[in-house]
Amino acid sequence: MRYIWPVIFLLPVIESVDRQLGLVILLTVPLFLIRKITFDKIDIPFFLFIVWLLIILPFSQSYYFSLLETGRYFAYFLIFVLVRRLPEEEKGSLQRKWPFYLILNSLILIVLWGVFMLIPSLPQPSGMNLFYPSFGHNRLAALLILALPVLIYKIPVPFLGEYASFLLPFLTIMLFLTAGRGAIISLLLGLALTVIWQRRKDQIDRFAKVFILLGIAFLFSSHFYSQYLVSFRKPEGFYKPLNFEQRFEFYRQGLASFSASPLLGNGMDTFRYLSQKLQSFPLSWSWYNHNHFLDIASGTGLTGLILFLIWLLFSFRELIKSRPVKAGIVCLLAASLIHSQMDYDWQYLSLLFYFILILALNLAKQKPVLSLSSKPFMSLLAFFILAALFLPSSEKLLKEADKLSETGKIEEAYAKLNQALFWDKGNRSIYLKLADWYIKKSDFERAHFYLQEAIRKNPQDSHKEIREDYSLYLKQAGMSFSQGERQKAYGYLKAALDKYPLYHRHLERDIPSDVDFYEYLEKAEANTAIITFSPAEITSLKL
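Read in order, the letters of the sequence shown are residues 23 to 565 in this note's numbering.
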């Protein structure tokens with residue numbers, strides 16, 4: 023096992039290169055810790071949370087994403103339970119090693135950041151990495167707020183010894199260079215809460231006081247710069263003015279999705295689909311809620327949120343009560359927890375792994391209240407490992423469908439599309455592909471169905487699809503009229519006007535008579551290219 027832990031500890035670097043590989047590694051960790059599963063009162067809420075995830079899985083908006091996310095939390099649960107019950111010698115070894123690997127990950131990712139900044143021609147890495155600035159943010163900050171308290175509070179770091187103190191100013195400078203305002207605020211609050219918890223201000227390290235002053239100065243200066251000195255309308259990069267901050271929109275979407283399904287939730291890791299559906303203006307959706315508790319609430323409902331919060335509450339209560347507890351541990355865990363309510367830190371495999379591992383290592387075993395055989399847990403874990411290895415994403419299935427279609431294998435392509443729809447029914451791209459497929463087959467009724475489903479799943483970004491669906495009704499009306507089926511033609515026209523009254527209102531005329539039917543269709547089709555609609559008009563659609 024001692025040769026396996028270094029690989030596991032390098033998870034921040036591994037997942038930044040290949041998230042699927044990182045997930046497989048995470049899922050295999052409990053296999054090396056296998057023993058009889060024993061629960062105490064701290065473990066029970068986490069166990070019930072996992073049971074709840076399995077119960078609500080069939081009701082998810084995406085079996086693919088929810089299945090993998092459930093597997094991720096199942097691995098965390100087993101790691102939490104099993105690490106707490108490791109032999110003291112092995113547990114002590116992990117206690118000594120994790121600070122070194124946390125700092126090593128930070129240094130490796132800083133080097134990668136520097137390489138990509140110096141050589142911008144390199145292929146841009148995936149947005150879900152911890153070093154390259156993506157979407158205007160650098161997630162390296164989320165890792166540094168875990169590493170810095172280790173140095174601030176002088177937690178022993180193997181292999182570095184006294185040289186660790188030289189890294190403190192360097193990593194602090196790097197944190198400020200990431201311009202992660204939320205991360206800096208979280209670390210400041212973590213330091214402040216640690217001081218309050220210790221109840222003696224003189225116990226705080228001198229550098230911590232300096233960091234607090236620097237952090238406050240940085241926040242004020244960055245706010246002043248972004249609000250008053252940046253002249254362009256919508257700046258890119260780190261310094262977004264508050265009027266361009268979309269977090270409150272994401273929080274509103276999270277509350278709305280929770281309100282829509284408070285009992286069972288919408289499925290873990292499906293916020294990207296809920297956000298597209300609930301956004302109040304175009305391109306204002308996100309993959310994640312930027313608040314982990316809201317993500318849990320919208321994904322698992324009230325029951326899941328309560329169980330998760332009870333587990334955290336029990337864990338932190340025991341952590342603070344236990345003696346002795348290093349202030350650095352409390353600080354880094356608090357900083358990570360706080361930042362997870364401002365950003366999607368815990369959607370990274372490694373950041374939540376380190377949080378749970380460090381928490382487990384610092385919680386003593388308690389009187390067991392339940393013991394279970396490990397066989398069912400290992401069988402379920404094996405299932406999740408196989409899913410992570412072999413379950414294809416909808417994006418992969420769509421690409422395979424395109425290749426099959428290009429080679430003339432139409433029915434095989436259709437089967438791939440339906441397979442993608444089964445596993446990822448919240449993905450509007452699948453509905454658009456199916457709509458195109460039925461249009462090519464001249465099955466316009468089914469094409470309408472899939473087009474309208476795609477529009478429902480993201481109305482604010484569906485101007486093209488709305489125009490396409492409306493034009494398809496006009497095409498059907500024209501074809502029916504030319505074939506002498508006038509009643510059918512007017513039926514298609516009425517359906518178009520019922521579903522998209524916006525176009526009819528802009529035409530400023532009633533349904534045509536037989537005399538000017540074609541003239542009306544021609545004008546209506548021409549108008550689709552020039553008419554635009556406000557977000558409020560889009561919201562008013564009743565499909």
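It is worth saying that the hints were derived from the structure and are not from the lab.
Please note that the accuracy of each hint is not assured.
Stated by the list, open to error - Keeping only pairs whose Cα atoms sit at most 20 Å apart, straight-line, the calculated SDA-like set for lysine to any residue is:
| hint | residue 1 | residue 2 |
| --- | --- | --- |
| 1 | Lys231 | Glu417 |
| 2 | Lys521 | Thr550 |
| 3 | Lys516 | Gly500 |
| 4 | Lys425 | Ile407 |
| 5 | Lys176 | Met150 |
| 6 | Lys447 | Tyr85 |
| 7 | Lys387 | Thr60 |
| 8 | Lys447 | Leu402 |
| 9 | Lys564 | Asn480 |
| 10 | Lys486 | Ile461 |
| 11 | Lys486 | Lys425 |
| 12 | Lys486 | Ile560 |
| 13 | Lys387 | Leu402 |
Said to hold, decoys possible - With beta-carbon atoms standing in for the labels, derived distance ranges:
| hint | residue 1 | residue 2 | range |
| --- | --- | --- | --- |
| 14 | Leu76 | Ile332 | 35 to 43 Å |
| 15 | Ile332 | Ser464 | 55 to 63 Å |
| 16 | Ile26 | Ser464 | 29 to 37 Å |
| 17 | Val29 | Phe405 | 48 to 56 Å |
| 18 | Lys63 | Ser187 | 23 to 31 Å |
| 19 | Pro80 | Lys387 | 17 to 25 Å |
| 20 | Leu182 | Glu112 | 18 to 26 Å |
All C-beta atoms in this analysis are idealised placements derived from N, C-alpha and C, irrespective of residue type, glycine included.
### Query
Failing hints, ascending?
Of the numbered hints, 1, 4, 5, 8, 11, 13, 14, 16, 17, 18, 19 do not hold.
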